[in-house]
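J.: One letter stands for each residue in the lines below.
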Amino acid sequence: MKTYDVIIIGGGVVGCMTARFLSRYTLDILLIEKEADVCCGASSANSAIVHAGYDPQPGTLKAAMNVLGNSKWDTLSGELGFGYDRRGDYVVAIGAEELAALDRLIEQGRRNGVPGMHIILADEVRSREPNINPQVSGALWAPTGGICDPFMATVAAAENAVQNGVTVLLETCFEDFVIQSGRIVGVQTNRGLFGCRWVVNAAGLFADEVMHKAGVRPEFSITPRRGEYAVLDRAEIQINNVLFPTPTDKGKGILVTTTTHGNAIIGPNSNFVEVKSDKSVTGDGLQEIWSGAQKLVPDLKASHTIAIFAGLRARGNAPNGDFIIEIPTQPKGLVNLGGIESPGLTSAPAIATRVVELLRDAGEKLVEKTDWDPIRPPRPRFRSLPRDEQMKLIRSNPRFGRVICRCETVTEGEILAEIYAPIPARTYDAIKRRTWLGTGRCQGSFDMPRIIALLAQELDLPMDQITKKGSGSEFILRPTKDVEALHEH
Amino acid sequence: MVENTKIICITCPKGCTLEVSLDGQTVLAVKPNCKRGHEYAQREITDPRRMVATTVKVKQGVHRLLPVYTSAPFPKGEIMNLMKKLRAVEVIAPVKMGSVVVEDALSTGVDIIASRDMPVKS
Amino acid sequence: MSIKSIYDVVVIGGGPGGLAAAIAAKKSGAEDVLVIERDRELGGILQQCIHNGFGLEIFREDLTGPTYAQRYITEAQASGVEALLDTMVLDITPQRRIFATGKSSQLVDIQARSIVLSMGCRERTRSQIRIPGTRPAGVFTAGTAQRWVNVEGFVPGSRYVVLGSGDIGMIMARRLTLEGAKVEGVLEVMPYLTGLTRNYVQCLLDFDVPLHLSHTVKRIIGNKRVEAIESVQVDEKWNPIAGSETIIPCDTLLLSVGLIPENELSKKAGVLIDPITGGPYVDDRLETNVPGIFAAGNVVHVYDLVDWVSEAGQQAGTNAAKFAIQQRRREDRHVPLKAGENVRYVVPQTIDRETLSESNVRLQLRVRQPIESPVWVEVSHNGHLVKRKGEPYARPGEIITLEIPIAAYDVVQTAGQLMVSVVKR
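Residue numbers (the working numbering), protein chains in the order written: chain X, 1 to 489; chain Z, 490 to 611; chain B, 612 to 1036.
Check each hint, because a few of them may be wrong.
To be verified - Within a straight-line C-alpha distance of at most 25 Å, the following computed BS3-like cross-link-like pairs (lysine-lysine) qualify:
#1 Z/Lys-573 to B/Lys-793
#2 B/Lys-793 to Z/Lys-565
#3 X/Lys-392 to B/Lys-615
#4 B/Lys-879 to X/Lys-301
#5 Z/Lys-610 to B/Lys-714
#6 B/Lys-793 to X/Lys-276
#7 B/Lys-793 to Z/Lys-546
#8 X/Lys-392 to B/Lys-879
#9 X/Lys-392 to B/Lys-714
#10 B/Lys-615 to X/Lys-301
Stated by the list, open to error - From chain Z, some residues computed to sit far from chain X (all C-beta separations above 12 Å):
#11 Thr-515
#12 Lys-520
#13 Asn-522
#14 Lys-524
#15 Glu-528
#16 Arg-532
#17 Glu-533
#18 Arg-538
#19 Ile-568
#20 Ala-577
#21 Glu-579
#22 Val-591
Please keep in mind that the hints were generated in silico from the structure rather than gathered at the bench.
A virtual CB, placed ideally from N, CA and C, is assigned to each residue, including glycine.
Chain X with its partners taken away, still in its complex shape (with noise of 0.2 Å):
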């Protein structure tokens, strides 16, 4: 049986960056994650927002890692190489009453610590965003939002943290703690048991049922808030920038936002659903957005979409709805985080570099290793180089030369760059998470076939094991010709 100092619950932003900065310490770290590749969960499917950090209450730790977290992407996505945008964002005012509201959000800024926020008048707005609602009445700027690429900053800070020496073991489910004289010594999982000294607990929406395998905080639960999306051609319409409605008590509401890649998103709207794998998007959801988001921007159709989906947030139950972040008294040995959910993505860094001064103050030594290296290497992107630098690129490797995902330009080179990194994508879904591959106009029509080809020749595996997102979701059934043999087995 393998012992690790650290085992951490969970491979979405919050477990990687967490593995990520403390691989820069002298410990054995296992990251573990139950499905095929990392950045499966809330990680995946969320607004891509940096928050400012003017939402959250006052006093709370959602307002602490918001604000702390926001200023540390700057740093990391140099360092690790992900697209991000600190390009402010705005909390529109639709009509003359709704701005009382933003006077409230710039005073609880203010109180959380948001630098550079001011109120600014309808005509700037409309001059800023020529799509808005010509209802405007102004809205809160704060300079210090962005977006970033939510996928790659997972991905990104797996891979660094993988380059640093962490083991990240994907497909691999937690099931219980093995715990010795009030102490976590191990881990068990589908494969098998693991020992450990400390566990981190960032196992997102199943974060209760995790800690209370250790019977730590058992009127803690979990509710999924599922919250959908519709993806924007940006060839239809171009938004500039991130649009806040004001919020209302269901939470920040339904915006119009630009993303790193060039779509518009809209979306989220907040609803409670009954189970943890409920991901569909409804009719009526889709709905609400739409007429949510139309409230910023009119001209928004239905017709510009090109892809829909959905999140689960995870709807802690603690006082405010706020993060838990700590190291329970008992059992000894667990860094605890539930209740993770919007302003989480902003806050990783800050959670993860929270959780290394818990580690300290509770005597944990950590020695740094002299050769951490924070940085990892961004991987080129064929569709943004200009011209001579995708001649030099081909020219290189000339499997560059091949565009597998037309709408999206991506090559054949970059998919092998991607099945072959640290952390492999081994899936449909991984490579289109780091490519984006498969997500413009025909949706993967084109390159689905191309992909499943190139995967099965790679991973030498044959075609009907490809698979969308890990077993159970493979594309192909079988040969054409194979129907009397499948018959006969």
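Could you slot chains Z and B onto chain X? The hints should help.
T.: Below, chains Z and B alone, put in the same frame as chain X:
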């Protein structure tokens, strides 16, 4: 004894629903009155046939499958048997368009023809 | 095959539209014609349309798709049409410069005297019609499934529901049934069949596949793979009728819900698109608003018969060739002037050969280095003097002028280029 039935004619794109009056297996008349429709209705009752297109496995070719088609309309009732038989066929590239892949399939007198050239995979 | 840097006619897309255009361009006198095709072979969508029904109008024969394609491919090859396969066009400029990339072709930069756009169309997707539900594996557009079954050689699932009673959907229902799969039914949101009646008979009736008119998919069920779809009846406004829902267990949903002309490249070239057809505005010669850029086939609007696509291709190709020939004549009228020994630049940089039939041509030039002694300012062609003028000195700060006389007309007619130099006497 005269019976009536309805048959959708597929001879031309109009796709008329013919009202067919029959005496046993013989078509007496069709409405709308159309010579080709009458012929179609008769064949459909006594000996329904269809053109069939499918694929067969091919070795060493640029593709895994070679598209093929029947040289003449094939007895409708035998089509699924034909499919089963053709699934077991494997040809070897190169194949020339128009060449006979299976002669006299299921003793019907109908050949199975290659729809295209299939060059050898380089 | 080595790629030239300039072609008379470049055809984007080697399907039936593009092949017909390329052949017609060659026949109409284009010297070189290049087809750029993203797939590994020519033929386009026809290679996966293995059923009959093609060529009834244009050949008066009932051919399969691959057979129809083969005829054009053979003729294109025989006519000397060049093809760049497995190559994706990245960009087309309004000046008809094309950037394309492929594994063997690498990054190519080609100038075209004229272009025929024949990229065809793409299929409408699940997201575009906003079908609610989960996002499992097992949702395919009918064309993609057709490619899998007929070309790649794999069947996506064992139990299917087809949304859309267009021809592609019905043909796939038959195809899958023939290859041992079960098609649970075809749903059609309209109260009538949208494809051909003959296909309803040959594909659905013949194989007992139920057709449900005024029905659509309410949602997709299944987390990793499709497990079922929920079907619902709709009224004439497409509103779901509450209480009419049925769950149909299946593992694959096939979407046959419309084709959209694929014009991203056209837009890059500055071609204006008609919002109703989804394709370029074209005139009766199939030329778009950009001079020298023509369009033919499904990229212009979705056709019903491939025979008419070939006809359109032929028309576009013929006109593209005419345009290219005119371009050549215009180019040939210009002779470039090269800055030779001690000359930094010459203006004008080219002269129209015909000007010398009426008047002299005045050149202005500057030298690189001063020569403080008598010089010859010379214009020559292939080493032979066309005109020479003496100057007492040559300085970079002073423009030197020289006139090419009308008498030089004959020499200049056949010259590839003229060299201008300044040498010591």
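J.: Would you mind marking each hint as holding or not holding in the structure?
T.: Hint check:
1. Taking the CA atoms of Z/Lys-573 and B/Lys-793, the gap is about 15 Å. The hint holds against a cut of 25 Å.
2. Taking the CA atoms of B/Lys-793 and Z/Lys-565, the gap is about 18 Å. The hint holds against a cut of 25 Å.
3. For a cut-off of 25 Å, the pair hint linking X/Lys-392 to B/Lys-615 stands: about 20 Å separates their Cα positions.
4. Of the supplied pair hints, the one linking B/Lys-879 and X/Lys-301 holds, its CA atoms being roughly 23 Å apart against a limit of 25 Å.
5. Distance check on the hinted pair: Z/Lys-610 and B/Lys-714 sit about 17 Å apart at the alpha-carbon level, within 25 Å; holds.
6. Straight-line distance between C-alpha atoms of B/Lys-793 and X/Lys-276 comes to about 32 Å, which puts the hinted pair past the 25 Å bound.
7. A distance of roughly 22 Å separates the Cα atoms of B/Lys-793 and Z/Lys-546; the hinted pair therefore holds under the 25 Å criterion.
8. Simply put, X/Lys-392 and B/Lys-879 have alpha-carbon atoms about 24 Å apart, close enough for the 25 Å limit, and the pair holds.
9. The straight-line distance between the Cα atoms of X/Lys-392 and B/Lys-714 is roughly 13 Å, inside the 25 Å bound, and the hint therefore holds.
10. Between B/Lys-615 and X/Lys-301 the alpha-carbon distance is near 45 Å, which puts this suggested pair outside the 25 Å criterion.
11. Distance check for Z/Thr-515 against chain X: the nearest CB is about 39 Å away, which clears 12 Å, and the non-interface claim stands.
12. Taking the minimum C-beta to C-beta distance to chain X, about 42 Å, the non-interface status of Z/Lys-520 holds against the 12 Å cut.
13. Every Cβ of chain X is farther than 12 Å from the Cβ of Z/Asn-522; the closest lies at roughly 44 Å, confirming the non-interface assignment.
14. Residue-level check passed: Z/Lys-524 sits 40 Å from the nearest beta carbon of chain X, beyond 12 Å.
15. With a least CB separation of 35 Å from chain X, Z/Glu-528 remains clear of the 12 Å interface cut-off, as annotated.
16. Distance to chain X confirms Z/Arg-532 as a non-interface residue, since its nearest Cβ pair spans about 30 Å, more than 12 Å.
17. With 12 Å as the threshold on Cβ separation, the claim that Z/Glu-533 sits away from chain X holds: the shortest Cβ distance comes to roughly 28 Å.
18. With a least CB separation of 23 Å from chain X, Z/Arg-538 remains clear of the 12 Å interface cut-off, as annotated.
19. The non-interface label for Z/Ile-568 is consistent with chain X: the shortest C-beta to C-beta separation is roughly 14 Å, beyond 12 Å.
20. The beta carbon of Z/Ala-577 is not kept farther than 12 Å from every beta carbon of chain X, the shortest such distance being approximately 8 Å.
21. Not every CB of chain X lies more than 12 Å from the CB of Z/Glu-579, the least distance being 9 Å, so the non-interface label is violated.
22. Against chain X, the non-interface label of Z/Val-591 holds: every CB pair exceeds 12 Å, the least being about 14 Å.
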